[in-house]
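**Q** Go ahead and model the full structure; you've got the sequences and the hints to work with.
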Amino acid sequence: GESVGLHLPTLSVQEGDNSIINCAYSNSASDYFIWYKQESGKGPQFIIDIRSNMDKRQGQRVTVLLNKTVKHLSLQIAATQPGDSAVYFCADVTPGNQFYFGTGTSLTVIP
Amino acid sequence: KAGVTQTPRYLIKTRGQQVTLSCSPISGHRSVSWYQQTPGQGLQFLFEYFSETQRNKGNFPGRFSGRQFSNSRSEMNVSTLELGDSALYLCASSLWGAAEAFFGQGTRLTVV
Numbered sequence: 001g002e003s004v005g006l007h008l009p010t011l012s013v014q015e016g017d018n019s020i021i022n023c024a025y026s027n028s029a030s031d032y033f034i035w036y037k038q039e040s041g042k043g044p045q046f047i048i049d050i051r052s053n054m055d056k057r058q059g060q061r062v063t064v065l066l067n068k069t070v071k072h073l074s075l076q077i078a079a080t081q082p083g084d085s086a087v088y089f090c091a092d093v094t095p096g097n098q099f100y101f102g103t104g105t106s107l108t109v110i111p
Numbered sequence: 001k002a003g004v005t006q007t008p009r010y011l012i013k014t015r016g017q018q019v020t021l022s023c024s025p026i027s028g029h030r031s032v033s034w035y036q037q038t039p040g041q042g043l044q045f046l047f048e049y050f051s052e053t054q055r056n057k058g059n060f061p062g063r064f065s066g067r068q069f070s071n072s073r074s075e076m077n078v079s080t081l082e083l084g085d086s087a088l089y090l091c092a093s094s095l096w097g098a099a100e101a102f103f104g105q106g107t108r109l110t111v112v
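In the order they appear, the protein sequences are chains Z and A.
Position 7 of the first sequence, counting from 1, maps to 7 under the numbering used here, and the rest follow consecutively.
Position 81 of the second sequence, counting from 1, maps to 81 under the numbering used here, and the rest follow consecutively.
Hint data in this document are derived by calculation from the structure and do not stem from the laboratory.
All figures in this text were calculated on a predicted structure; none of them were measured in a lab.
Don't be surprised by glycine CBs; every beta carbon is placed ideally from N, CA and C.
Take these hints with a grain of salt, some might be off.
[Said to hold, decoys possible] Label pairs and their calculated CB-CB ranges:
hint: 1; chain 1: Z; residue 1: PRO9; chain 2: A; residue 2: SER51; range: 37 to 43 Å
hint: 2; chain 1: A; residue 1: ARG15; chain 2: Z; residue 2: SER74; range: 38 to 44 Å
hint: 3; chain 1: Z; residue 1: THR94; chain 2: A; residue 2: GLY3; range: 24 to 30 Å
hint: 4; chain 1: Z; residue 1: MET54; chain 2: A; residue 2: ARG15; range: 43 to 49 Å
hint: 5; chain 1: A; residue 1: THR5; chain 2: Z; residue 2: ILE110; range: 32 to 38 Å
hint: 6; chain 1: A; residue 1: PRO39; chain 2: Z; residue 2: GLY16; range: 27 to 33 Å
hint: 7; chain 1: A; residue 1: SER51; chain 2: Z; residue 2: ALA29; range: 21 to 27 Å
hint: 8; chain 1: Z; residue 1: ASN18; chain 2: A; residue 2: PRO61; range: 42 to 48 Å
hint: 9; chain 1: Z; residue 1: SER40; chain 2: A; residue 2: THR5; range: 17 to 23 Å
hint: 10; chain 1: Z; residue 1: SER74; chain 2: A; residue 2: TYR10; range: 34 to 40 Å
hint: 11; chain 1: A; residue 1: ARG55; chain 2: Z; residue 2: ALA79; range: 38 to 44 Å
hint: 12; chain 1: Z; residue 1: ASP17; chain 2: A; residue 2: ARG63; range: 45 to 51 Å
hint: 13; chain 1: Z; residue 1: GLN81; chain 2: A; residue 2: PRO39; range: 23 to 29 Å
[What the hints assert, rightly or not] To give an idea of the chain A side of the interface with chain Z (calculated C-beta under 10 Å), a few residues:
hint: 14; residue: GLN37
hint: 15; residue: PHE50
hint: 16; residue: GLY58
hint: 17; residue: TRP96
hint: 18; residue: PHE102
hint: 19; residue: GLY104
**A** This is how it looks when you write it as structure tokens:
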């Protein structure tokens, strides 16, 4: 079976610093990967995705990097803000459109 | 446009009972997926429906079932509830093949 795992369960950063959240996956056939943000009491919210034929994609204050050689995915958040405090999940999406999520990393931004 | 709506938001059931959860997807979305979220386990895929047909199924026992109606609304059912079924059940809708799945706020099920 395939698995998607996160390297760190918790991460604390100072407001204004950059945050890096890591994720490992095992299915080399995955079509794309997605990062979600889940705030307390809410469902996961789409942040950014990346196709398997790309190695970098940038959004607003976020960058996702994909290293297919080592099956590693990372989410970089620039100038982290208190509103970024949440649990972040990576998801591995198969060609059959089946999503596999990691357990999540809890990001805490210290004012 | 309205987001994904799940009802009820909270539910308490006793062991052995059965429960039905409902999900109304975003208008125009024909794919609905269900997930179970528990502390330490993250999100685990239950099943996905598209045009009233189950397309994918996760590794859950047969007590977990679902269906989708012609208007794309979906229900999931859990029979003979166990304490371990206590979880947040999330529904997500998307256009078929789209990366961006939109999640509802979930139904918090507690089995006592």
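**Q** Checking each numbered hint in turn, tell me which of them this model violates, lowest number first.
**A** As far as the earlier hints go, not one is violated by this structure.
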